[in-house]
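The primary structure of each chain is shown beneath.
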Amino acid sequence: MDPVTLFSIIKGGIVLGALYALMATGLSLVWTTLGIFNFAHGAFIALGAYVAWQFSATDAFGWPLALGIIATSLVMFAIGAFLHLTLVKPFERRSDVVLITVITTLAGSAILENVLLVIWGPRSKQIPKMAEGELAVGGFHLALSEIILLVLVLAILVGVGAFLRYSRPGRAMRAVSQNREAAQLLGLNVPMYFALVLGLSAVTAGLAGVFIGTIRFMNPAMGSEPLMKALIVVIFGGVARFSSPIYAAFIIGLLEAFSIYFVGLYWAPAVLFFTMIVVLLIKPEGLFGKYQRTL
Amino acid sequence: MNTPILSARGLSKSFGGLKAVDDVSFDVMQGQIFGVAGPNGSGKSTLFNIITKIPFGPTAGTIELDGKSAHDRRAHEISLSGIARTFQRENVFGSLSAIDNVLVAVESQAPKLSFEQQLARANEVLALVGFPSTMQNMAADSVPIFYRKQLMIASALALRPRVLLMDEPASSLTGPEIERMKEIILTIRGTGITVVLIEHVLSLLMEVSDRLLVLDQGRVIANGLPAEVIKQAEVVDAYLGASHE
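Going line by line, the protein sequences match chains A and B.
Under my numbering, think of the first position of the first sequence as -17, with each following residue one higher.
Under my numbering, think of the first position of the second sequence as -6, with each following residue one higher.
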């Protein structure tokens, strides 16, 4: 393999890893706090992309992309919090909440995808690129939009991590995630923090959707495949720490990029699943996991 | 006559056909240490659960704090209104540092204070229970059991409660640690906070309690001065069996 090809594969893997990290962070936040897997997370990704398109595309509102991203984040937060109230909260106290929310979040996902279809139609769309042009050193090429994407994703992940670690609501969210009853006894409004977590998770998913929308064509079902990858990342890496799925995301991204090169596009998912199964057999709590919430 | 700070009337909790707490009434006066004793399964912890509505409220009955209904609020609001609780097990937020554990409570009780003021309050309650300042930045699940219990108590005190419900604070502790826990309980009472204390270590309960309530199978079988209560035949039977001579 020549160095240019190797660089290209690694670059592709890191970009994929960054997107997976953003998706998986939101998914693992919900898993560690509410104890459920949110199957509407993929629809959040698609919704974020479409909402950002509405704000930023020249044939829609035509706002600057940065403003569109901020507005999209606000919309996604509100939708995430609303879906918590409708899809999760009514079943929170039931012993079979995990099973029930599989169904309710899948239903939410189907509804959201169809809403996208009704509002924006089936035709593929694309969000304007974040920047044109590329850096070229020797034979190595790096698109400016990819550099901006990596910087933004890193900034978002650092921002979410700092929010959870140092802010008052972040500290409360961590407390709620560790011991719901003790948190209530210390005066925390647990349902409100659950809604906050789902809102924050929807923002990260929506932002991932925005970034995907700038490099790929969008369609209402565009979140299904990323959701699958985010699930692999969360299970593969574990959720012991905030950073666990982030490390796992970059490993999965690179593995996928190399798999596509060596075994082809169609076999790449099989490689990922196989790797995940092997890791689970050897380290059931995930590659970076000390413990994992059990069903 | 003074109004009791905490007053329970006809508290009951049923799980299907099982009555875990059955028509329990009592009054706790301001500044008292009010002991609650009873054999395993007698409903002591359930009593605390239904007073705080976490994880469940009573099937019937009322709770008043200083003459006003305490149950007209949501569960987390009861904690903020003046009734705090600690658990038998060290219920701390394991991955949060010790100081962050207490800050969670301070921030929820006094959200408008500046961070420096909140930090000062957190330090104040940690000092009150004697938590070592050298351990403040350690993750809560990495400090020894006694310190975790101190941390849990400090977090509850950070809510500035009027009544503190303590569920077996001496469980899993060594003799010297039980002595230190006794000092902590007396210190808390010294600050004017009323304490309702469930404890299996009877020597501790007898030494610190002003009044003693004994439960058996969810019912009150005695309520009075500790020295008198433990002599009552029904209490002796409940602890040692009906065949005891």
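Keep in mind that the hints are not guaranteed to be accurate.
Stated by the list, open to error - Which stretches of chain B does chain A cover? Using the computed rule of at least three CB atoms under 8 Å from a CB of chain A, they are: (1) 40 to 50; (2) 64 to 77; (3) 84 to 96; (4) 101 to 108.
What the hints assert, rightly or not - Okay, the calculated beta carbon distance ranges per label pair: (5) B:G123 <-> A:L136: 42 to 48 Å; (6) B:A103 <-> A:G103: 31 to 37 Å; (7) B:T167 <-> A:F255: 48 to 54 Å; (8) B:S107 <-> A:D(-16): 57 to 63 Å; (9) B:A103 <-> A:N161: 30 to 36 Å; (10) A:W45 <-> B:S107: 52 to 58 Å; (11) B:E117 <-> A:R147: 36 to 42 Å; (12) A:Y148 <-> B:R212: 35 to 41 Å; (13) A:P(-15) <-> B:S135: 56 to 62 Å; (14) A:G103 <-> B:S62: 54 to 60 Å; (15) A:I101 <-> B:P137: 55 to 61 Å; (16) B:S107 <-> A:F244: 53 to 59 Å; (17) A:D(-16) <-> B:P137: 55 to 61 Å; (18) A:V97 <-> B:K105: 36 to 42 Å.
Stated by the list, open to error - Not everything, but these chain A residues come out facing chain B in the computed CB check (under 8 Å): (19) G103; (20) G143; (21) L146; (22) S149; (23) R150; (24) R153; (25) R156; (26) Q160; (27) E163; (28) Q166; (29) L168; (30) G169; (31) L170; (32) N171.
Keep in mind that the hints were calculated from the coordinates and are not lab data.
Backbone N, C-alpha and C define an ideal beta-carbon position, used for all residues, glycine too.
Hints versus structure:
1. 40 to 50: Holds: 3 residues of the stretch 40 to 50 of chain B have a Cβ under 8 Å from chain A.
2. 64 to 77: It holds, with 7 qualifying residues against the three required.
3. 84 to 96: Answer holds; 9 residues pass the 8 Å Cβ test.
4. 101 to 108: Holds: 3 residues of the stretch 101 to 108 of chain B have a Cβ under 8 Å from chain A.
5. B:G123 <-> A:L136: 42 to 48 Å: 43 Å, holds
6. B:A103 <-> A:G103: 31 to 37 Å: 52 Å, violated
7. B:T167 <-> A:F255: 48 to 54 Å: With a Cβ separation near 51 Å, T167 of chain B and F255 of chain A satisfy 48 to 54 Å, so the hint holds.
8. B:S107 <-> A:D(-16): 57 to 63 Å: Holds: the Cβ-Cβ distance is about 60 Å, inside 57 to 63 Å.
9. B:A103 <-> A:N161: 30 to 36 Å: 21 Å, violated
10. A:W45 <-> B:S107: 52 to 58 Å: 37 Å, violated
11. B:E117 <-> A:R147: 36 to 42 Å: 24 Å, violated
12. A:Y148 <-> B:R212: 35 to 41 Å: 50 Å, violated
13. A:P(-15) <-> B:S135: 56 to 62 Å: For S135 of chain B against P(-15) of chain A, whose Cβ atoms are near 46 Å apart, the range 56 to 62 Å is violated.
14. A:G103 <-> B:S62: 54 to 60 Å: 56 Å, holds
15. A:I101 <-> B:P137: 55 to 61 Å: 58 Å, holds
16. B:S107 <-> A:F244: 53 to 59 Å: Given a distance of about 58 Å, which is inside 53 to 59 Å, the answer is holds.
17. A:D(-16) <-> B:P137: 55 to 61 Å: With Cβ atoms ~58 Å apart, the hint holds.
18. A:V97 <-> B:K105: 36 to 42 Å: Cβ of V97 of chain A to Cβ of K105 of chain B: about 40 Å, so the range 36 to 42 Å holds.
19. G103: 44 Å, violated
20. G143: 13 Å, violated
21. L146: 11 Å, violated
22. S149: 10 Å, violated
23. R150: It holds, given that the least Cβ distance between R150 of chain A and chain B is near 5 Å, below 8 Å.
24. R153: 6 Å, holds
25. R156: Result: holds, 6 Å to nearest chain B Cβ.
26. Q160: 5 Å, holds
27. E163: With a closest approach of 5 Å, the E163 of chain A hint holds.
28. Q166: Holds - the Cβ of Q166 of chain A comes within 8 Å of chain B, reaching about 5 Å at its closest.
29. L168: Result: holds, 4 Å to nearest chain B Cβ.
30. G169: 4 Å, holds
31. L170: 5 Å, holds
32. N171: 5 Å, holds
Hint check: violations occur at hints 6, 9, 10, 11, 12, 13, 19, 20, 21 and 22; the rest are consistent with the structure.
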